[in-house]
Structures are given as C-alpha cells and as structure tokens.
Amino acid sequence: MAANSQPDSAAAWFGMQCSPLDLRRWQNFRNNTRGYWSLWIFLALFTLSLFAEVVANDKPLLVRYDGMFYAPILFAHAETEFGGEFALEADYRDPYVQDLIDAKGWILWPPIPYSYDTIDYGIQTPLPAPPSSRHYLGTDDQARDVLARVLYGFRISILFGLALTALSSVLGIAAGAVQGYFGGLIDLLMQRFIEIWEGLPVLYLLIIMAAVIEPSFASLLILMLLFSWTGLVAVVRAEFLRVRNFEYVRAAKALGVSDAKIMTRHILPNAMVATLTFMPFILSGSVTTLAGLDFLGFGLPLGSPSLGEMLQQGKNNLQAPWLGITGFVVIGVMLSLLVFIGEAVRDAFDPRKLFS
Amino acid sequence: MQPTDPRTLLTLRDLHKEFDISGGLLNQLSFARGKLRRNRATVKAINGVSLDIVPGEALCLVGESGCGKTTVGRTIMGLLSPTRGTVHYQHRRIDHLRRAARLPYRKKMQMIFQNPYASLNPRKSVAKTLLEPAEFHFPEISAAARRQKVAEVMQAVGVEAAWGTRFPHEFSGGQRQRISIARALMVDPEFIVADEPVSALDVSIQAQVLNLLKQAAEERGLTYLFITHDLSVVEHFGTRVAVMYLGRICELGTCREVFSSPRHPYTRALLSAIPKVGRGSSRHSVHHKPNLKLKGEVPTPIHLPSGCVFHARCAHATDICTARIPPLQTTASGVQVACHAVAQQRI
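Respectively, the protein sequence lines represent chains A and B. For the first sequence, this note's numbering assigns the number 746 to the initial residue and increments by one for each residue that follows. For the second sequence, this note's numbering assigns the number 7 to the initial residue and increments by one for each residue that follows.
A portion of the hints provided could be inaccurate.
Claimed, not checked - With the C-beta cut set under 8 Å, the calculated list includes, among others, these residues of chain B facing chain A:
#: 1; residue: 13
#: 2; residue: 86
#: 3; residue: 100
#: 4; residue: 103
#: 5; residue: 104
#: 6; residue: 116
#: 7; residue: 127
#: 8; residue: 142
#: 9; residue: 144
#: 10; residue: 311
#: 11; residue: 313
#: 12; residue: 348
It should be emphasised that the hints constitute simulated quantities derived from the structure, not laboratory data. The beta-carbon is built from N, C-alpha and C at its ideal position, and this holds for glycine as well.
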C-alpha cells in the first residue's frame, strides 16, 4: 500500500479500477489455456471477418490507371473513367474492363476476388464446382465462392448473435431486477407470465411469423428477441432476491436513494457475475438458432451469406461434399470456440475455484 | 398521553407494525362448515409503542430477540411503514411522507447496522461507499470538498484515509463497523439509530466501537436510539433505557434508576439474568431474589396474550393482568412502568 500512502493520491482512489477480485478472475481465465487461446483465435477470426470486404470482394483493392490511383472498394468509378463505353459503375470482373485497365496500368485484387454474391460465369465444370485454384473451397450451386460466403456468413452470424445477446440481456436483466427487487405480486405475475411465454413453441411461431413479416436482419432480431429475453431472468431475479435484504441495501434506502439507483448501483454489480457467466452460452445459442432458421429457409433473406443456408445446400448436393463439410467445420469451430470461452469465463468467476 | 416536551427530537405515538405471514391467496382459503373462509395471520411485531427521544440522549432499547426492537428502529428510519401510529421528527409527522418529501429528514437521521459483514457493498471500495451519501445529499459541494470530507470522517472513526481504495473484505469486523459508522456520519446527522452495532463484534472491539460512538456524540451533538440486547452495553452507553417485551415497552427510565431499582417483573428477570462474577460483588443489586428465573417461553406474536403480554410468565399476575393492558405510568422515582402490580403497589 506504499503507493497509497500519500494523501494527495486521492484522485487515483476514486477513479475506475480493477478490484483484486477482478484481477484474480482474469488470472484464472488466463490459466485456462484452452479458453484463453479460444478467445484469441475467436477474436482473430472475428476481426478478419469484420474486414471481409477487403479480404473477399469482386472489386479490386486498388487500380492504377493512366497515372492515377483508384480505390474501387471505397468509391464507385464509372466505366467511362477507364475508357469504357457505359457511364455506369465499372464491372471489374468483365474481361473487357480488365483489358482496358491493364493497357494503361494494373489491378490489385483482394486475396479472394469474389464477394458473397458474385456469380462466376466462367466456370466450365458442372455446378457446384469442386475446390480448385480458382475457388479454394469450391462454389455452391449458384456459382458463388464458398470461402467468400463463409467469411461473410461467419460475420453475420456473430454480429447477429452479439446483438441478440446484448438486447436480450438488457431486457432479461431489467425484468429479473424488477421481479427480484420488488417481489410480491409483481414477481408472482411476471413469473407466471414468463412460464407461459417460455412454454410457447418458439420455432413454430418463428416460422409462422416469418411467413407474415418479411425476414430481414432487424425483423429476425426482434422476433427472436421476443423469445430469448427470458433466459437471464431467473438468474438475475434470484440474485436480486438474495441481495435486496442485505444491510448495505437497507443503508442505501435509509439514505433515501431511489429504487432505480439502488438496483443499478448497488445490486446489479453483484448480479453481473452470474449474468456474465451465461452470456457466451446465450451467444452460441443465438448463433445456432439463426443457423437453424436459415437451414429451414425461414431465416435471413434469400441471397444473404449464411451458414445455415450453406448446410442446406450441402444437404441438397450430397455429391458436392465440400459444401456440407465447410458448413459443418465452420459452425463446429465457431461454437466450440464460444463454448470453450464460456467455460473458461464460468470457471474464472466460480468463487470455489482457487488459484491454480 | 403525556404532553410532549417541546425539546423532543423524535416522538413515537402508539406505533403498531404487523407483518402479514398468511402466504398466498390459496393458502389463506379454507373450508369451514360448508363456507369458504379467508384466514389471515399477522405477526404483531410492535403493539403500541410510544416514546419521546430528547436531543443529546442515548436511549437504549433492550429486550430479547424477536421483541420488536429492530422493527421499531426500521420504522423510525422509514424502511418499514407503520401499520398504525405516528412518527414525528421535531414535531413534524414523517411516517406518511413520500420519498422526495422525506429526503430532508433522511439527511438528519441515519442508521448503523448490526452485521458489519453485510452492511458494506462488497463491490465498492470504502471511499466509494462513503462518497455516496455525500454525493446524494450534498450535490452542491465540489468533488474535492467531498473527498476531503471522506478523509476527515475516516480519520474521525480511526480508519486511515489512505485505505479508501481498499474493499470491505480487506478489513476486520471492527474496522468495517467503523466504516459503517463513518457512512452514517457522512451526512452530518442529528439522530442515529444504532441497531445492535456491537453485538457482532469481539468483546475487545466492542468497547472501542462504543467509545467511538460516544466520542462522536460529544463532538457532533448526536442523539442515539441504541438497540441492543446486551445489558452491560446499556449500562456503559445509555442515558435512558426502554425495556421491550413482545412489542410493548414495559419499563422506561434513566439507566441508573432502572438498573438500581427495576420495578417491572420482566425487567427484574432480565437484569438478574446478567451473568455475575462472584456472589456478593453484584453491581446490579436486584433487591428481589438473587436469581430470578422466568417460567415458560415467550408467547407467539401471532396470537398475543390478552391484557398484559407478560402475564403468563409473571409471578405477580392477577385477574386484572389477563383482562386489561397496563398503561405506562410514571412512578415516584420518575421511571415509567407498565404493570398493574406496580400500579396497585403490590410489588
């Protein structure tokens, strides 16, 4: 405590800081090698997929033409700028445009020169085309590059999962907090409501709703949120029921602090541990549900890059095993990483876990 | 009711608090002789407590477990609302006020809790715990001045100000209780309800904390309602003492009078239960019998006994004790006693 012995270090005390407990949890997490490496691999893959436009795109990263640089992935350039005939955006995959540019400069392509929806008309083999140097993982039955679709599909799955996890956590924590803090009749009524709500056949409802509402990222998110927010309620409610009668909560009440503030500032930090532990599992659950809906054809709109749709194509084209195997491996690796991270987080927060 | 002393800080009048324990609606319903009936059960925690607390005193509320001491404290603090009766602070009624209207009184009244291991938020550093009351009640003060105040109050309770970064689990029970006291002192209160502040502490630490409370009272002109079941603490700390039994006050007077000549049979039994070292050297001269043992158990507060709540266990009970509730009556020595036998001068 030598650093704290000067009274003028006061400002340092009141700022945000990691408690020794948090440090110990981080240490526990790091000691779990599998979870720790899973986190890094997952972050690397996720970061890579966030820059999917740079990795897999049907527009060049950079074009040198007539002494000028062009960045087609950032700005649209008309074909006429490269000496073409149409005043529309140049189709860089067109051999005619490529010849025009090559005559007065060069083209720098991304590692995968296809976007998720690029149809490769130049394939000579029957579709789906097997893996080759042109398409590293082959193409699907519409001549779209599998690797590009996997990359974009991974991103959309994770983003969807993260958004759904965040939103359902916020709703679930709020509902659980209100139930546990006020108790009594509110708790009773909400608990019965949740029991009925959880009893609804979610998949059927989602399929029926998908027929009524046009599926899109946002509408699917809202639909699935309707049924996923109940996941955290029980945990948060239990924690609030336990903590609400602690004397430090009474002390805050005796100060006159409002209920909302007591809930957010005094009880919620204590309930967060139980909540955080659940989040990676909610994330993997959300990803799975989305893939399931896509597989059934009730998920994201047609043409979206989606892992579920990849699996469905694999099922329909058993003669093209690269489709099914790719979808299986990507989903398997993604879920395994998430579960490993989740297990490590859970163990790190386990109070019975000692230093190892 | 006797006329209220104009100096009175806190007045309780005929305070009742009942807790519903009848459970859910389905549990309450029962069939009796072909009719559906709804039965409700309540625990009568406080049954008509009237008290006047004057500034500068340390009124001790004593009684055995479950007699309603803590409920009285929480009702005064507004953590519970009374079923019947009123709480006045400086002659203004406060028990029915809404949250916002009550805030000015919250600043004047604070509470110290029994369990120092539960009364501090484990996820907040000590400095943050202490800052909260100041931020809440003195938003106009600058952050630097608030921190200054935290440091001052920590010094005052004997906890080094540099330890503010630490978390509650890094402190001993006595230190935690000092921090709880510091939290109560942060808003410069006039009145503090201390709910068994030392009963969870080691005996050697008890004296330190009691002296700290005494010192704070002298320096800041505090008034205490000191809830305890430890009579030796009362003798050390209190100026007046109120003895409670089953939600009623049975004897109320200065510590000296009550301890030297207890009148109510329950008080006598309570005082004679203090363990003594040696025979003749008793400081609590109970002039009745040296070792007075009560028969039976405390009746359940769900079905209160008729008349005097103590009658079933009292050696002096007569017919009137089972029929009428004895009022608090002032005796010649100034002590108020609620006992028919004392009123009839049988004891």
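Tested hints:
Taking 8 Å as the C-beta contact cut-off toward chain A, the hint placing residue 13 of chain B at the interface is violated, the least distance being around 24 Å. At its closest, the beta carbon of residue 86 of chain B sits 10 Å from a beta carbon of chain A; the interface hint therefore is violated under the 8 Å criterion. With a cut of 8 Å, the hint placing residue 100 of chain B at the interface with chain A is violated, because the nearest CB-to-CB distance is about 12 Å. Hint on residue 103 of chain B is violated. Least Cβ distance to chain A is approximately 11 Å, over the 8 Å limit.
Here the hint on residue 104 of chain B is broken, as its CB sits about 11 Å from the closest CB of chain A, past 8 Å. About 7 Å separates the beta-carbon of residue 116 of chain B from the nearest beta-carbon of chain A, less than 8 Å, and the hint is met. Annotation: interface hint on residue 127 of chain B holds; nearest CB of chain A at approximately 4 Å, less than 8 Å. For residue 142 of chain B, the suggested interface contact is upheld, since its CB lies about 6 Å from the closest CB of chain A, less than 8 Å.
The criterion of a C-beta within 8 Å of any C-beta in chain A is not met by residue 144 of chain B, whose closest approach is roughly 12 Å, and the hint is violated. Given the 8 Å rule on beta carbons, the hint for residue 311 of chain B is violated: about 30 Å separates it from the nearest Cβ of chain A. Violation of the interface hint for residue 313 of chain B is found here, the shortest Cβ-Cβ separation to chain A being roughly 35 Å, above the 8 Å cut-off. A hinted interface residue such as residue 348 of chain B counts as satisfied when its beta carbon comes closer than 8 Å to some beta carbon of chain A; here the least separation is about 37 Å, so the hint is violated.
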